[in-house]
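In order, the protein sequence lines correspond to chains X and G.
Each residue of the first sequence is one higher than the one before, counting from 6 in my numbering.
Each residue of the second sequence is one higher than the one before, counting from 6 in my numbering.
Just so you know, the hints here were simulated from the structure itself, not pulled from any lab data.
Source: prediction; values computed, not measured.
Worth double-checking, as some hints may not be accurate.
[What the hints assert, rightly or not] Taking lysine-lysine and the DSSO-like style, the derived pairs with C-alpha atoms no more than 27 Å apart in a straight line are: (1) G:K221 x X:K221; (2) X:K212 x G:K110; (3) X:K8 x G:K315; (4) X:K49 x G:K217; (5) X:K113 x G:K212; (6) X:K212 x X:K183; (7) X:K25 x G:K130; (8) G:K122 x G:K162; (9) X:K49 x G:K162; (10) X:K116 x G:K233; (11) X:K221 x X:K113; (12) X:K63 x X:K212; (13) G:K221 x X:K122; (14) X:K221 x X:K116; (15) X:K221 x X:K110; (16) X:K221 x G:K162; (17) G:K212 x X:K110; (18) G:K49 x X:K8; (19) X:K217 x G:K116; (20) G:K130 x G:K113; (21) G:K122 x X:K221; (22) G:K8 x X:K25; (23) X:K8 x X:K355; (24) G:K8 x X:K49; (25) X:K211 x X:K113.
[Stated by the list, open to error] Output of the computed footprint for chain G on chain X, the stretches with three or more beta carbons under 8 Å from beta carbons of chain G: (26) 22-33; (27) 36-44; (28) 74-82; (29) 106-120; (30) 211-224; (31) 242-251.
[To be verified] Derived list of chain G stretches under chain X, where covered just means 3 residues or more per stretch with a C-beta under 8 Å from a C-beta of chain X: (32) 11-19; (33) 55-67; (34) 71-81; (35) 220-229; (36) 240-246.
Using N, Cα and C, we set each Cβ at its ideal position, and we do this for glycine too.
2 protein chains.
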Amino acid sequence: MSKVHNFSAGPGILPADVLKQASDACVNFENLNLSLLEISHRSKNYENVMDEARSIIKELFEVGDNYEVIYLGGGASLQFAMVPYNLLSENGTAAYLNTGVWSTKAIKEAKIIGNTKVIASSEDKNFNYIPKGYEIPTDADYFHITSNNTIFGTQMKSFPKTSIPLVCDMSSDIFSRKVNANDFSLIYAGAQKNMGPAGSTMVMVKKDALGKTGRKMLSMLDYQVHIKGGSMYNTPPVFPIYVTLLTLKWLKQNGGIAWIEKINQQKADCLYNEIDRNSLFVGTTAIEDRSHMNACFLTTKPELEVEFDKMWNDANISGIRGHRDVGGYRASLYNALPLESVNVLVDVMKAFENKFA
Amino acid sequence: MSKVHNFSAGPGILPADVLKQASDACVNFENLNLSLLEISHRSKNYENVMDEARSIIKELFEVGDNYEVIYLGGGASLQFAMVPYNLLSENGTAAYLNTGVWSTKAIKEAKIIGNTKVIASSEDKNFNYIPKGYEIPTDADYFHITSNNTIFGTQMKSFPKTSIPLVCDMSSDIFSRKVNANDFSLIYAGAQKNMGPAGSTMVMVKKDALGKTGRKMLSMLDYQVHIKGGSMYNTPPVFPIYVTLLTLKWLKQNGGIAWIEKINQQKADCLYNEIDRNSLFVGTTAIEDRSHMNACFLTTKPELEVEFDKMWNDANISGIRGHRDVGGYRASLYNALPLESVNVLVDVMKAFENKFA
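One chain only, chain X, in its complex shape:
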């Protein structure tokens, strides 16, 4: 079967080895002669998966016992509600940075739960940059940011310093680069962009951030319930968590975050250099805020899009049409995407210029 260069924005590419192991586990999991899909989540074998899936997060983030890791269903979208539900006190205020569609959705849910203030926004320019120079209120319950904006192709290159709890939606760039996780009170990420398949969401939270809202809480929305249950308060999304663990082990075994950060830098440099060099393409975002995970660009001659589409299709490239809010193209460069695939895309861009410029 010919190789597909998978630039999908999410669910996104996973390592071939991981997919093979996932496939095997569907018919015979750890030589039990049973599929992973039909065994109890309370079996010893799966409890080990869950323990490892939680501990590898803390290992990769280099945090200590003051943090807890849980896995939940419902995607990051459910976290847009759970974060304020668990952290925003009845009379408190939540502070948000609005950098795109996902931030906007997070803000919408927070407003349903309590007082919510947008500190800064880049909506004025269709979210093509990351706001800077804003002031974070010191009396808010927390400050919420989105580290990478999948749709608009921007990424925070540094994180704000603040005395209040910092909360981050890292769905689309988690474990793609070194961050100081100890600066955050809560990090969450839907798995399906950079660490696994769709269907599970990881939340890492500082223990002392919880239990302060005074709210009587629904069990399934209460982080403390899930922490107490070791992410098994209810039946967890067994298979998605397993594949997430496989993906994180792949990362760790290959050299961890230091290793992948270097490769991600190479991939981003390779593609952005071509976008800037090629007379037929232009990037859509502020250069200093360009995402290393999702590179958004347009053709300078939109009438030639059909031709370009034909060329990358012929090269077995998949998933680079831009989101409808931006148009043009978006190449997602998640951890599992090899540099080779970026080279193929760049070659197509060059051939396109040679033919039509």
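Assemble the complex: chain X is given as a structure, and chain G must be docked to it using the hints.
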């Protein structure tokens, strides 16, 4: 590899053909040369999966366009909260039948949301029967029941008639027998017991039951948001839904509910007959309420449990230790379990009697 007789209470046994197809999709989904785990949920191929996964539910339940089907993450446990959140009006009352651990949890969540009344309960006898002869208030917003009680091995053999909306948690016996789905306003089920792997939950709801609470709702907890989004308001649990579809197609292609109901009756008869005949075993529930999905039983000589455990282990039987709330044994007889496996268990029970009685 030798065959394991999988009596797990959930996640439970799935058809071997389904597991093979699931395994294949992990490496190459529908000849796309891509894994199902790494393609966009917005791709044509996956949109077809989702459409089919929703329509097959309505087909199997024989309901019309006045019903909507959605798939969500979070398990049935999240539905314990979402049902009252969507159906219980600010000044209304919800009525519940308490038949076990899951009902009790559903009641707990409903009480957090609004006025909740338990109409009848079998807690007085550790839930070993289904209450009868109770009166359902005609002014409640809905009446909630649990059709099958996995832990205690009881099952409602008929459903109450009422003028108010009837809501049913069918997690552990959905599609195991014919029910008149049109009598229900809402049916929900975690997939992992009788229709798929862990990680997705199906909700079928009558359209006219929604939008009446006056509550300002969080998006992810609002059925109408998910209906409008075609279960794609956020990234759905892609793989668990796909395997659920495969399992339901397996059911349909083999003869549908009429076919499986007959087999389930044979399996239940086979096992309960042996429990009643064998001097070393005794059932734990009221005979008229015995579940066809989860058969709970004890040895009359508990000191011999070690011997029995050894014997069924040697016969490649898996997953029949009872829940800690009941003890003894629980054999789950979900749709995918073949009669052959029940015969093997019965043979072991007979051999056990021959040796020790």
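Status of the hints after comparison with the structure:
Under the criterion of a C-alpha separation no larger than 27 Å, the hint pairing K221 (chain G) with K221 (chain X) is consistent with the structure, at around 17 Å. Our distance criterion of 27 Å between C-alpha atoms is met by K212 (chain X) and K110 (chain G), whose separation comes to about 25 Å. The straight-line distance between the Cα atoms of K8 (chain X) and K315 (chain G) is roughly 50 Å, outside the 27 Å bound, and the hint therefore fails. As the CA atoms of K49 (chain X) and K217 (chain G) are separated by approximately 45 Å, the hinted pair breaks the 27 Å bound.
For a cut-off of 27 Å, the pair hint linking K113 (chain X) to K212 (chain G) stands: about 25 Å separates their Cα positions. Our distance criterion of 27 Å between C-alpha atoms is met by K212 (chain X) and K183 (chain X), whose separation comes to about 22 Å. A threshold of 27 Å between alpha carbons decides the hint, and for K25 (chain X) with K130 (chain G) the separation of about 49 Å lies outside it, so the pair is violated. For the suggested pair K122 (chain G) and K162 (chain G), the alpha carbons sit about 23 Å apart, so the restraint of at most 27 Å is met.
For the given pair, K49 (chain X) sits about 35 Å from K162 (chain G) by alpha-carbon distance, which is inconsistent with the 27 Å threshold. Proposed proximity of K116 (chain X) and K233 (chain G) is supported: the alpha carbons are some 22 Å apart, at most 27 Å. Between K221 (chain X) and K113 (chain X) the CA atoms are separated by roughly 21 Å; this keeps the pair inside 27 Å, and the hint holds. Between the alpha carbons of K63 (chain X) and K212 (chain X) the distance comes to roughly 13 Å, so the proposed pair stays at or under 27 Å and holds.
Simply put, K221 (chain G) and K122 (chain X) have alpha-carbon atoms about 19 Å apart, close enough for the 27 Å limit, and the pair holds. Between K221 (chain X) and K116 (chain X), the direct Cα distance comes to roughly 18 Å. Compliance with the 27 Å bound is thereby established for this hinted pair. The straight-line distance between the Cα atoms of K221 (chain X) and K110 (chain X) is roughly 24 Å, inside the 27 Å bound, and the hint therefore holds. Taking the CA atoms of K221 (chain X) and K162 (chain G), the gap is near 36 Å; set against the 27 Å cutoff, the hint is violated.
Simply put, K212 (chain G) and K110 (chain X) have alpha-carbon atoms about 25 Å apart, close enough for the 27 Å limit, and the pair holds. Proposed proximity of K49 (chain G) and K8 (chain X) is supported: the alpha carbons are some 20 Å apart, at most 27 Å. Taking the CA atoms of K217 (chain X) and K116 (chain G), the gap is near 22 Å; set against the 27 Å cutoff, the hint holds. Taking the CA atoms of K130 (chain G) and K113 (chain G), the gap is near 20 Å; set against the 27 Å cutoff, the hint holds.
Of the supplied pair hints, the one linking K122 (chain G) and K221 (chain X) holds, its CA atoms being roughly 19 Å apart against a limit of 27 Å. Restraint check for K8 (chain G) and K25 (chain X): the C-alpha separation of about 23 Å stays at or below 27 Å, so the hint holds. Using a Cα cut-off of 27 Å, the hinted pair K8 (chain X) and K355 (chain X) holds, with the two alpha carbons roughly 21 Å apart. A C-alpha spacing of about 20 Å is found between K8 (chain G) and K49 (chain X), which places the hinted pair at or below 27 Å, so the restraint holds.
Restraint check: the Cα-Cα separation between K211 (chain X) and K113 (chain X) comes to about 24 Å, which is no more than 27 Å; the hinted pair holds. Beta-carbon proximity to chain G at under 8 Å applies to 8 residues in the stretch 22-33 of chain X; the threshold of 3 is reached and the given coverage holds. Here's how the stretch 36-44 of chain X fares: 7 of its residues keep a CB closer than 8 Å to some CB of chain G, so the rule of at least three is met and the hint holds. Residue count for the stretch 74-82 of chain X with a Cβ under 8 Å from a Cβ of chain G: 6. That meets the three needed, and the coverage hint holds.
For the stretch 106-120 of chain X, the stated coverage by chain G is satisfied: 5 residues place a CB nearer than 8 Å to a CB of that chain, which reaches the threshold of 3. Check result for the stretch 211-224 of chain X against chain G: holds, 4 residues qualifying (beta carbon to beta carbon below 8 Å, three or more required). Closer than 8 Å: that is the beta-carbon criterion, and the stretch 242-251 of chain X has 5 residues meeting it against chain G, so the requirement of 3 holds. Counting residues of the stretch 11-19 of chain G whose beta carbon lies closer than 8 Å to any beta carbon of chain X gives 8, which meets the minimum of three for the stated coverage.
Here the stretch 55-67 of chain G counts 0 residues with a CB under 8 Å from a CB of chain X, which misses the bar of 3, and the coverage is violated. Counting residues of the stretch 71-81 of chain G whose beta-carbon sits less than 8 Å from any beta-carbon of chain X gives 5, enough to reach three: the coverage restraint holds. Under the rule that three or more residues need a Cβ within less than 8 Å of chain X, the assignment of the stretch 220-229 of chain G holds, with 6 such residues. Here's how the stretch 240-246 of chain G fares: 6 of its residues keep a CB closer than 8 Å to some CB of chain X, so the rule of at least three is met and the hint holds.
Taken one by one, the earlier hints fail for this structure at numbers 3, 4, 7, 9, 16, 33, listed in ascending order.
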